[in-house]
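**Student:** Residue numbers (the working numbering), protein chains in the order written: chain H, 81 to 472; chain X, -17 to 204; chain G, 532 to 862.
All the given hints hold, so there is nothing to weed out.
Partial list, derived from the structure: chain G residues whose beta carbon lies under 7 Å from chain X:
#, residue
1, Y574
2, I658
3, K661
Calculated directly from the structure, the hints in this document are not laboratory data.
Note that CB positions come from ideal geometry on N, CA and C, so glycine has one too.
The primary structure of each chain is shown beneath.
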Amino acid sequence: MNSPFFRFLLLSFYSEKAKQITVIIFSIIIIFILSSVLFLSTSMHYSITEALKYQPDFIVQKMAGDRRVNISERVTDELIEIPSIAKVTPRVYGRYFLKPLGKSFLVVGVDFFDVQSHRGLEKIIDNMDLNKFFKRRDNMLVGEGVDRFMREHHYDNNMTFFTPKGKAITLHKFATLPKNSELVSSDMVIVPIDLAKKILGIKRREVSDFAFNVPNILEWEIVTIKVSALDYDLRVINKKESYKAYAEFFDFKGGFFLSIFLIVLISFSLILYQRYSQLYSTERRNIGVLRALGWSIKDTLKLKFFEALLVVFISYTIGVSLAYIFVYIFHAPILKNIFLGSSNIMVEPTFVPVIDIFLLSSIFLLYAIPFIASVIIPVWRISTTNPKEAMR
Amino acid sequence: MIEIKNLNRYYQVGKERFYAIRDISLSIKKGEFVLFHGVSGSGKTTLLSIIAGVDRPSSGMISVNNELISKLPDQHLSRFRNREIGIIFQHYNLLESLTVYDNVSAPLIPERLSLKEIDKRVKKSLKIANISHKANSIASTLSGGEKQRCAIARALVTDASIIVCDEPTANLDRANIDIFLDILKKLHKLNKTIIVSTHDPIFQKLDYIDQIIHLEDGVLVS
Amino acid sequence: MNSLLLNTDIAIFLLGEFILWVVLLIAFGVNLYLLKKWDFHSYTNLQYRIEKLAYLIMVIIIFSFLMKFILLPYFVFTMDKISDIVPGAMCSAGVISFNAYGMKLFFIKMAILLLLMIWLMINHYDIEAKVYPWFRAKSWLFVFIFILITIELYWDYAFFADIDIHKVLNCCSTLYGLLEGVNPLPFGLDKREIIILFYMIYAMIISSTFGKQNYILLIGLILFIPIGYYSVLYFFGTYIYEMPNHNCPFCMLQKDYYYIGYPLWGSFFGGVFLGITAILAEERLKKDSKRLKYLMVLSFTIFVTICTFFVLHYYYKNGVFLEPVKVEMVM
Ligand SMILES: Nc1ncnc2c1ncn2[C@@H]1O[C@H](COP(=O)(O)OP(=O)(O)OP(=O)(O)O)[C@@H](O)[C@H]1O
Ligand SMILES: [Mg+2]
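The whole structure should be built from the sequences, with the hints applied where relevant.
**Tutor:** Right, dumping it as structure tokens:
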């Protein structure tokens, strides 16, 4: 590449800034939206993968129709008999509905003396003073959303729960769970297991479901089969399946956004086509003059295409940087709600910047191919202006 | 050396053909100073354009410096324009938003020269055209005479052997016309072939004109 | 609807290929028009317009070539990524062999890139010549390329639409793993022989390039395709993975190996393509194509350097070369 050419390119680009600026601004907006959505969904994806790391490999549930029902604690003994399963953790959890407000909390019962079984909670609980926690029998840990709810409704540090039988249990907020831990959703309330059973109305000898780990992935399939064979109404979920379910959910959301984006893209292409086809008499005359001065069609094509590429690169760089700031520094306000739906959030994105070449090239391809495709004919048309135009 | 035989250029107007020039044959030797003379619409610009490789004939033969340019692909015709022809347009046709310097360097860009070589050549032709002092001014801020000198510098920068001028004095005042004629004389001495299309009688008084070609309705009259 | 088609990356890939196809369709239409009307010796306005239209085809092809050049690694990368959600697949090798389209698709993509490169080469000399001597040749070539690209687009779609993420796949270790008692190397060579051949053919390519012996160069290129490929697969690749029995052309494209597969395979196929194009230019068009040949030499040198580097690096670190161990691979 010869530098006089690029010098000239920049000069003529700069002198046509009025024409370029609208296109650049438009492009920046498009790229900004596109990259924000992709950044956000990649982050979510990442968060979920991280969260799943802390999930148990297997969950065994008892089904009644298509609904999960509580399962007897005795099933543990049957599970333990299967060779690959060394340890089974009973889990107690459920949604507690605040009917008048249309809100719900996720109540989770935790065996505080066996925290290893709760992957991910270890970190939080290890940092806690358990002696202090157990000084009172009615302590609870709350997620950040619950904390906010309590403050908004002037609950101070105590909140009353009603068991299904109508008995009131008042719990005391011991601490708020840290916001950025992958496992914790913001509407979570963590209490000791017995208390959780009472609030959720689970019988003494029953639990919500069982969780266990099987380190060797190769055994997963056989374990699934064996556990299913224990009883006709057992459902076995392994982690890979839930990962897939999440991935499909995101692909679906992403696909939805992509189709909206497609419509935007088509209108953008039409605007571009029209914009580049507009006969700028000076631009046309200038190309005619250059042609008369001995520039070949190849030379003017090169000039005009590099101009278009310059627009692509400038708007790409600015658009992506703005989206980066928007998503990773300001945590994507508004967009986050649109993307996740404002109701019960499954996983709060952690906004760890996960940007790789692949993501960047996805954005580039999705923007550059339609862009150049829509300007290619107008650019060709202007570049092949007859040199005779200059003689008028 | 320019050789033209039975050259036609017509425009299709509806079903009719309108001949801008018809059956022109002439020859111009190297280093000659030639005048195309005729009233408005007589086909001067058309003939000049074809010689300059800017327009293409509808039929006939034209060869310039032994190159048959009547039928050349764009790549070659452009290179021919670039190397052999310097054009001074009627309306100067500068790139208005660029400086004089960048205007003059424009024909050198496709040549893939180094910045240093370009600088050398641009400065040289700015000097011949007497416009060095305005090198860094934006073209749109120049006066008419300065614009023309900038256009001259641009026509000279590729060291073309043929300089064509279309109505060069149409928009100039007396003083600038004199300056322009001085420069032309200088170029004539440098043994450049000079072709001027004009209806300005001032050129006919010049003593160094080698050939005057009269055009009338696209036909040669001697 | 198959959920994989909604996968963002695949959707972007398919959309990109589709838009390129639409633009190429325009070029194709123009191309047919030109083939019908082209008459270089005519002085008509029509002919001058047509000569300008030829440039439209040129820019569309340059644009498509560049984009397809980016889309090919993107395609591989996409397969790598979906190997996460396809059970059993650990890299693109598993995904690409999921259905009958995968390998065909990969080869047609390569063929299209090569043909586009040849088209660009012919076009370059054609517009530099005074009478467009290869106009018809390049136009018919484009007709052929466009047909291939249409097939490619269909296969692109069919390939991803057909992948069932619930079916368990085999991956590279079972696809490429050493079969007991069977020598996987071509022409019955053993490993030492193939490495000697590898460097010998490289030397042969270099010397015939500078000695201007095109037929020897061509033979070198044809030999280098299998020898280069298998040397990487069964020898150099194991040094990249630092695992004596891991024979996979795709895993090295992953992040774990610093994406080294992209420059490695890129320079290999780039060299082959450049070489074929250069030989065609010289033998068929009778045009000197030094630039292409130098680029080819550069490309192959990068390839050989990367290969050699990993062996030397391993030796430097461990003081020994890798010895293949005969173990039964489980996965
Ligand atoms: N594109 C065109 N279509 C139709 N007629 C044209 C076209 N271009 C030029 N002409 C005609 O060709 C004739 C010659 O034009 P040309 O520009 O050569 O005249 P000229 O001698 O330079 O006149 P002037 O002194 O006014 O510049 C004119 O009658 C003009 O109307
Ligand atoms: Mg005129």
